[in-house]
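Asker: Read off the chains here:
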Amino acid sequence: MEEKKYWRGLEELTNDTEFVKNAHREFVNLPNTDESDFSEPSRRDFLKLMGFSIAAASLAACEAPVKKAIPYLNKPEDIDPGIPNIYATSYFQEGEYASLLVKTREGRPIKIEPNNDASFGATTSARVQASVLNLYDDSRYKTFVENNQPLEYPAFDEEKNAVYQKKVKAIDEKIIQKLASASNIRLVSGTIISPSTQEVIKEFIKKYPNTKHITYDTPSASGILKANKKTNGVEVIPTYNFDKAEIIVSFGADFLNNWLNASTYAKQYAQNRKLSKDNANAKLVRHYQFEARMSLTGANADYRAAVKPSEEALLVAALYDKLNGGNPEIKNPKAQQLLDKAATELQNNKGKSLVVSGSNDENVQIVVNAINKMLDNYGATIDLDTPLYIRKGKDEDMLNLIEEIKSSSVDAIIFYGVNPVFTHPKGDELKSILKNVALKISFAERPDETSVLCDFVCPDHNYLEAWNDAMPRKGFYALAQPTISPIFKTRAAQESLLIWAGNNTNFYDYIRSYWKANLFGTQTKYKTFEDFWNYSLHDGFFETTAVVKDTPKAENKKDRKDEPEAKTATANISEAKANIEQSYKVSNDVELVLYETTALATGLQANNPWLQELPDPVTKACWGNYVCVSQKFAKEKDLKQEDVIKVEANGKSVELPVLIQPGQANNTLAIAIGYGRTECGKVGKAVGANAIYLATTKEDSLHLFASQAKFTKTDKKERIAQTQTHHTIMGRDIIQEATLSDYQKDPAAGRSVVKIHTSEGLKKATDITLWRGHKYHNHSWGMVIDLNSCIGCGACVIACQVENNIPTVGKKEVLMAREMHWIRIDRYYSSDAEKEDLKGLEVASEDPQVTFQPMMCQHCNNAPCETVCPVVATTHSSEGLNQMAYNRCIGTRYCANNCPYKVRRFNWFHYAEDSRFATVNYTQTTDLGRMVLNPNVTVRSRGVMEKCSMCVQRIQEGKLTAKKEKRTVKDEDIITACAQTCPTEAIVFGDMNNTESKIAKILNIKSEIKRYDDGKEEIIYTMNEPRAYHVLAEINIKPQVSYLTRIRNIDKLDKKEKKA
Amino acid sequence: MFSTSKSKWVKRTILSAYFVCSAITFLIAQADSTQKSSGSDAATLEKGKTLFNQNCVQCHGLGEEAIVGPGLKGLLDRRSEAWLIPWIRNSQAVIKSGDTYAVELYKKYNNTVMPAYPDFSDADIKAIIAYIDTESKKAPTTAAAISTPGASEGAVAQESGATGYLNALLIVLVVILCLIIAVLGVLLSFIKKYVAQEKPDLSEEDKELLNPKFDFGAIFRSSAFITGAAIFLVLVMLKSLLDFALDVGIQQGYAPVQPIAFSHKLHAGEYKIECNYCHTGVDKGKQATIPGANTCMNCHGEIKRESPEIKKIYAAIENDQPIEWVRVHNLPDLAYFNHAQHVKVGQIQCSQCHGKVEEMEVVQQRATLTMGWCINCHRQTVVKAEGNAYYDKLMFAHRNQGGKQLKVENIGGLECSKCHY
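Heads up: the sequence lines are chains Z and G, in that order.
Just so you know, the first sequence maps onto residues 33 to 1092 in this note's numbering.
Just so you know, the second sequence maps onto residues 2 to 422 in this note's numbering.
Do not rely on the hints blindly, as some may be mistaken.
Simulated pairs of lysine-lysine, DSS-like, Cα-Cα distance not exceeding 25 Å [said to hold, decoys possible]:
1) K996/Z with K385/G
2) K385/G with K998/Z
3) K287/G with K998/Z
4) K998/Z with K48/G
5) K100/Z with K312/G
6) K394/G with K1042/Z
7) K998/Z with K405/G
8) K1048/Z with K408/G
9) K405/G with K807/Z
10) K48/G with K99/Z
11) K107/Z with K305/G
12) K796/Z with K1042/Z
13) K998/Z with K285/G
14) K714/Z with K844/Z
15) K100/Z with K357/G
16) K99/Z with K357/G
17) K1033/Z with K287/G
18) K108/G with K996/Z
19) K807/Z with K273/G
20) K998/Z with K408/G
21) K107/Z with K287/G
22) K394/G with K1070/Z
23) K287/G with K135/Z
24) K1002/Z with K48/G
25) K99/Z with K287/G
26) K273/G with K107/Z
27) K48/G with K996/Z
28) K100/Z with K266/G
29) K287/G with K1002/Z
30) K385/G with K1048/Z
None of these hints come from the bench; they were simulated from the model.
Kindly produce the complete structure, drawing on both the sequences and the hints.
Answerer: This is how it looks when you write it as structure tokens:
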């Protein structure tokens, strides 16, 4: 049997002294980075505290505080206190679209779930999950702002409110006056997918004909748009059907993380990674990835080659040649080998494959399109007829605008939903020249780098407060409805534009009239518009195949005469290839890659502490960015982890610490954008550094890399908060995996079962026990996690944090391994070298295979934590749950020490009340932030242990619904937060005693009635799925959580070839 | 001979007695059945009662007195059932049709619109009418029933009077006893003195008796006694401290003054308004909910408008300021309690935890609301599992384990995570 060694990080691999010291300890007392805040308590402090506690105790003894019960003055008919209301709405930020259900309690949105009825966008990424907190961000603009002076916030005072409204009117009049006299107005926005908003903009342009609407995106897809114009005659982004592809080849496209509508792709991708029970005929997608840094997508690939960004483009051209029978020479042997293999398989799977590239170079995309065309993928895996509208920006428009501003030819500019000073590669330049524009208006929701430079800020609503509509894809129309009244004195940006255009309609009526005029007629199902509107609003979306009279494309038509009526292809592939060969040269230069992280993307949500504390799926670092380098590079250049280096490219520089990343291409540096905000609120301010200015700008395009980068070492060091080396699992056999060919022969391939010597010979470790075990007569709650489906995206981590009121603790505490997440995603690197072959391990670590494993409380039946608790605060329930009673816990932490999975979290501080956490944990410390808390879950106090409860509040709620209706619990009644949000359905929760449930079907659970001699009967359940295993099964603690083996679609031969 | 004649006589007597008895029984039974056929069957009356309490009781009484609408005593004497059915279903339609009686009635009650009940079937309305008819005929008994709380109060007063009398008697007896002891003591000392003076030639035994050598004082001065007493004292103090500490946070009997002197005794007791008419959430979810001012306005839009307490509600509505009631039943945040689970699923009466609210002028906390109190109930209460498919598997398992009654504790009712999460 082949043995693999897994390690959690390079520290473990190289036996770093500090790692070894801490490896055996649950609570690592790493040295404090700053002692001033958390210094040793003095004697005086002790006396003060003691005095206080005596006083508090005696006060508490005197009288209980008077609590008020305040009912509604006029109770709305559809709101019952204590019962959530759910509204369908939609999300569109940073180019990501999602169809949502928003759960509100007593009028407060507290949780976001995917709207599974929607045929598009029914997935929530970590960012979508976390976006609910932005609503309660105290740093939001509370009023209109004139010259950085906010108007007085009137709160609920009617008189003050009247004064405020007058001032707003005055601002509107000033703006109208200035706009009327302006000769060159520019409206700058990100991609707008709302048809009604486009209508509003049209109306605005009609009123002010000097206006030009500039759209730009970061990262931009203008290369794809232009290439499609040339190849297919339509300037669109096609719909990619990853679920129909059996071979996927990606050149740097991080399509599981941030490339276009990634979470939708993740869902499709995972469908082809689910294995059928019929193992002999089981099929899997095969995924090749060529990329510079270890991306989330690359980490999930079956075959991956680390190549420099310039090589990526050349490889695309080489693949084209190869498919045309050529034999191009590639200098990178591994890339050559994989490209040859990929080319053969693509040839054999025509119409069932998909080639994508993350490049924004038109020429690269033209060649990619040509390859897909050659492989007959159009109409199969690529759908040109239902294009995506989520990226429409053209790089040259924004670049031209900057030139115009430079020459002072623009006299009014309106920023709608964008922050170009921070997110545009030429933002720093823009910052210095923006004063050339006489009138600058921003609709920013909270202060950003651009809005602080504006004369007027007319803050827009948060998306959860606003009416809106969206068309993210052709024929798919979504509605967004307010789930709460506007908290502050904000106004919908569309309404502002309408008022300035002299139209006083509110935006709600505006959307309705748009839908009535344009969409109502395309359907026949509903007879009246009221019905049509109400049902669409209830569902959150409306789909039509009919041609809508006024598609948003028409708006572009005026600007661009080249709107395709007849699809005319003008692409010249040889020219594109020549351009590629001219622009990209293989050299020994250090190259820089800029990328978006899962958590922050372009940094719009930088003030969201949940996202700041979400560990990156691959590097496991949070609270800041860093420079990723390969191990070999670090060794050669004498760079150590956390050494601060100064990176220079395109004349700009940034200083950041080094992070050594296995799988990174040699001679490349990788830095995340979205960090280093200077204006965004307290949480995100000055976390990391902004690297977007280092990007390459050409005349008409932006590229998130630099082909020539320099770095210089500084003598500084900066800690990187990584959750990677904490909670080690000590190299035990916790990931079980096999190849597809082995699985086809044996469904139990890759499973390892530990046997133990006994007096009666070898026995399975799980067959010998001292425990009496538990019997679950009604429910047996459990989970099954498919390691083949989990892509490590981290959406479950945030969903769990929102659902269970988990505090954020900040960088300092994470450095001390005190993060509080109940679910974490362990990332394991593997290598094919033998365990003893230390040298071999080192070579392999340059390009390891990666496995993600979500880890939470396993709800053991023979739970080690339960037996050691001296106060019985953690006990076992009759439904298979390991329960934690916070009010009983005295904080001995014995349970955490005894937990083999290291999933218990200790409250070192009273995070909800400690002023030191007021900034990072504003969710729990400020009145506004607390509105997001789930009222069904206790906020834990200092000194108590906490852990995954399997969302027991949801279990209880589901059971109650069933009891009220006098029926048994249905599978869909209860779902945990992690399982509900998982875009790939890797996590499945359910009742293992219900043979009809999804989990029972996955685990192949059979039930039979056992009859005893005394006439008594009992139902016995048995699990029969050969792929299912328990982590650390050999210690026989019988968890309620099972994992399904990871099956890789790789050929066994390759390993031998590689060794040879 | 004699014996036989006697036995015959006995037989005859028994037979005739039997006949008379059966005749009487038959007559009674007849009378009973005629009564039943003249009235309505119990199910209809029950349905009528439910519908009446849910929909009518807010505005109509069963007596002669008008609340919002007219009192319903003798309803069928005034109008026929055929007239009443369309009237109850949609009174406005009848008024519009120009029915004189209807128009006059409408005017008499200040043009107050009675809500329409289009969902009521004829059977529903007939059931309501039957209930009103039956109930209003026994109105005197209802009045008596209403006065029962008062009567039982009297009984309570009587009872408490009796105990007071006993206590007084006890005190008098104790006083007499003390007096006797004192008199006896005085007598004893007189005798002692007398004997000492008058009889100097006593025997040794008698002297011993007069001047005992044993000194009781020594016992009190002994270290063993002092230690024992000290320990006892400390224990008593500890016990009282413990009792005090365990009482911290328990607010049994807590009856705060509310911003509006709302009387449950009047509304729930006298007018018999169902609890869930105002506390609408009690069957639905966690909170029973305190009604908003709009619920009060259902009735008080019309009645007792001049009352200063009710004017407070008007003021609240005018000022757009909700009424800040003082919460009486407070559970700590760490405990999760769901009303629907207990009231809807467990079919527990409100009074089991809240006491007889219908007798409370000011609501007070009757139960201790401690965890021990919760657990105790979970140990004793039998689950209402019959007819609820949710409990089938649990019943099956419980029976197979030889269990008899399925109590809450048998299905995990004592587990931490049922209330703490």
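Asker: Does each hint hold? Answer for all of them.
Answerer: Taking the hints in turn, this is what the structure says about them:
no. : hint                : in the structure
1   : K996/Z with K385/G  : holds (12 Å)
2   : K385/G with K998/Z  : holds (11 Å)
3   : K287/G with K998/Z  : holds (18 Å)
4   : K998/Z with K48/G   : holds (22 Å)
5   : K100/Z with K312/G  : holds (21 Å)
6   : K394/G with K1042/Z : holds (15 Å)
7   : K998/Z with K405/G  : holds (22 Å)
8   : K1048/Z with K408/G : holds (20 Å)
9   : K405/G with K807/Z  : holds (19 Å)
10  : K48/G with K99/Z    : violated (40 Å)
11  : K107/Z with K305/G  : holds (22 Å)
12  : K796/Z with K1042/Z : holds (24 Å)
13  : K998/Z with K285/G  : holds (14 Å)
14  : K714/Z with K844/Z  : holds (16 Å)
15  : K100/Z with K357/G  : holds (23 Å)
16  : K99/Z with K357/G   : holds (23 Å)
17  : K1033/Z with K287/G : violated (34 Å)
18  : K108/G with K996/Z  : violated (45 Å)
19  : K807/Z with K273/G  : violated (47 Å)
20  : K998/Z with K408/G  : holds (18 Å)
21  : K107/Z with K287/G  : holds (17 Å)
22  : K394/G with K1070/Z : holds (23 Å)
23  : K287/G with K135/Z  : holds (17 Å)
24  : K1002/Z with K48/G  : violated (32 Å)
25  : K99/Z with K287/G   : holds (18 Å)
26  : K273/G with K107/Z  : holds (23 Å)
27  : K48/G with K996/Z   : holds (21 Å)
28  : K100/Z with K266/G  : holds (22 Å)
29  : K287/G with K1002/Z : holds (21 Å)
30  : K385/G with K1048/Z : holds (23 Å)
Against the hints set out earlier in the document, violations occur for numbers 10, 17, 18, 19, 24.
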